[in-house]
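We have chain P; now place chain D onto it with these hints.
So the sequence lines, in the order shown, correspond to chains P and D.
Heads up, the first sequence is in this note's numbering, so the first residue is 1 and it goes up one at a time.
Heads up, the second sequence is in this note's numbering, so the first residue is 1001 and it goes up one at a time.
Hints are supplied without guarantee of correctness; some may be wrong.
Below, in silico cross-link-like pairs of lysine-lysine (BS3-like), each with a Cα-Cα straight-line distance of 30 Å or less [to be verified]:
1) P:K180 / D:K1180
2) P:K180 / D:K1284
3) D:K1016 / P:K146
Calculated directly from the structure, the hints in this document are not laboratory data.
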Amino acid sequence: MKIAVCVKQVPDTWAEKKLRGDDSTLDREAADGVMNELDEYAVEEALKLQEAHGGEITIVTMGPERAGETVRKALSMGADAAVHLVDDTLHGSDALATSYALATVLDGRDFDLIFFGSESTDARMSVVPAMVAERLGVAQLTFAQKVDVDGTSVTIQRVTDYGFETVVASLPAVVSVVEKINEPRYPSFKGIMAAKKKPVETLSTADAGLDGSRLGLAAAWTVVEDFAARPPKATGTIVTDDGDGGVKLAEFLAVQKFI
Amino acid sequence: MSEVLVVAEHADGVVKKVTSELLTLARTLGEPSAVWIGPGYCDAAAATLGEFGAGKVYVADGAQYIDHPVAPRAEVLANLVSEHSPSAVLIASSADGKETAGRLAIKINSGVITDAIGISADRIATQSVFGGSTVVHSKVIKGTPIFTVRPNSTPPVPASTTLTRVDVTVPVSELAMKAKVTGRTVAQKDGRPDLAEAAIVVSGGRGVGAAEGFAVIEALADTLGAAVGASRAATDAGWYPHQYQVGQTGKTVSPQLYLANGISGAIQHRAGMQTSKTIVVVNKDSEAPLFELADFGVVGDLFKVVPQLTEEIKKRA
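Isolated chain D (complex conformation):
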């Protein structure tokens, strides 16, 4: 079986769920080896990687790999590709992940496919494009295929293996150090799951009416253990922070359950959530186009329906 590199996404030494998903997917393509870039590698991280089938983990430990955006990660991966000739490289479809994939593609003369939602055993990627209206199958025909894969595309399935740690040291080039991270600002520690990875997302839009209106959205989200999202109308109005925007110019999410409240459903928004497994829509306008996507919809005032739903869930808990 051939080796497949899976870049681990992690924060504070914790492996993100998307990495378990990518390892699960990689097992259908070959033998997954995880790649850990940056400081913080620990026993808990090793346990997660092993649990989901990584036979090896290449550890490039050091602040130099994350104190400069993207470029050092691409250098570490290019080095691993040239030394180990894997049959594919899998990276999470985050902003950093896609840029890393792009730079890596140039370095190793290989084709790259971004935002895959599936990869078959013969390495044909499935993408959902144009706001989910079109499904495309494509493949890389040059070099070592590089895929970035959207979170929530593959259900993670454990397959315990013995994980072997291989330390790697790749010198970071002067070029890659040209941009330097001098500070990290945490905008809001809300304790909710990551928007891109959350199994449930509760979103608010124009119908929420004001920043204060998001209190009912957050209350429902917290009852469900969900992440909070917002439409462009809401973030542009300054009612909710920009990083929570779901849509064409924001995040693309694909949760098990998406609850859209007061969102009419212009293509701008649909492009970011159309592939959600189950979609619930609450809107007082029965003509709102988002109802076309709804598995369940309530025509009504979100300020009545949403708090009632929150209370009902608490009652049933």
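Looking at chain P on its own, in the form it has when it is part of the complex:
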């Protein structure tokens, strides 16, 4: 089985994020870069499937050179090889351009399964997996809390508001995972050493056969007019419970007409 896992480097999940003043894109220099947290679950799920069914795992990423750290992390977790699309012209790409670039890189490599985390913690759109499925013309199995592969078919539990749907498709398929699905492993020392020798194919947009006019900030189909920090909230009333905290709280809710 050939498995791809698409990963993204994002600003540290626990750091405050900012937009850049010059072009209104995410300031990626302002915080440490880490692998998007949900993508770690995607890597883990791929590794578990590989343990059960064999095959090869390729990490696919697009992003600046420093995203190579995220590629190394995925390789040190146990993935076999990686493709890194890196090119200045990609800067500022929106979800449409990102899905175009990823789908182009993935197309023709005969992957049976293409994994994603269900959202990135920076943009939080949750649309790229569905867009890649649309572009590749393969089944979309997204928001999976469980993935089972049996021969040439794949079954997932898709998380919904009311519980979950069981969704089945024939391979190939795009699968995105939620964090409930597993517990990602930490890279072992052995894994970290082994990752240094694993093949990473670095592609420019020209290498990948991408049309540059469809990439980057200038090609985005949405434009930021302006942005501003949310004004800080006025300090509220904080009381210490002296046995009547609940009553005081009820009083506040009554004044606010909630009760």
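Here is chain D on its own, set in the frame of chain P:
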């Protein structure tokens, strides 16, 4: 006035509140036409859509539209966009809604903005990003603008119209049928409002300490007619089901009132609730960062404060 498509969210033939909100918002952009996809269209649904100003409803009735996730919905909408050339498409910012918007954007060569909390008459969307710390205004500059809009962003205001039903049949492509829904499992029928749509949310976090601890959270929620939420710490510990998680990797909520109990307020959680209108925090740690967001906070043991609050509300009822 130009036509604006509003995708109706519904379950068991009942139109969800977010659709009334989207119709209200759509009236400031043009003439709203609702789009009903899937089985279950009924008089009650028609009444709600008409009450909130839909002049038309396109009904694509049939199980084939919901027995395959997302893709058939995008096909129905692409078909309607090409036939009727609306000036915008509005979809609720649910997981399905955003994915539908994404696929539709590719099909109709249009820009898409997700998680809008407002759209001005000249179609500039307001988004609250990075856990509510930054407000962004942006617009679509290509094709038919597609917006997904967060629940609880626009107060629904009735504007009664005469609703005209237009039946549409869009064949579902083979591609869209590649993924098939073979079962639906209802995890928990708790009778509480939908977390994303609820006017009041009562949440519990690490301070709740155990699954059993959520009984006091649920009791308060039920007294207020609220939905129950949980922080990542609580869902990761298995104390409360995952689908109730509020935060960066869970649901984003924006209720009128958010009561956080035993939640310290890491950015992971704030990202999911910071835009709530009124925030109440109960935590025994006076240093908990969530107090910075609180309109009212109680430093104290939630197992004393919350039951007392529940009793007090019952007394006043």
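inquiry  = Name the hints, by number, that the structure is in violation of.
reply    = The structure breaks none of the hints.
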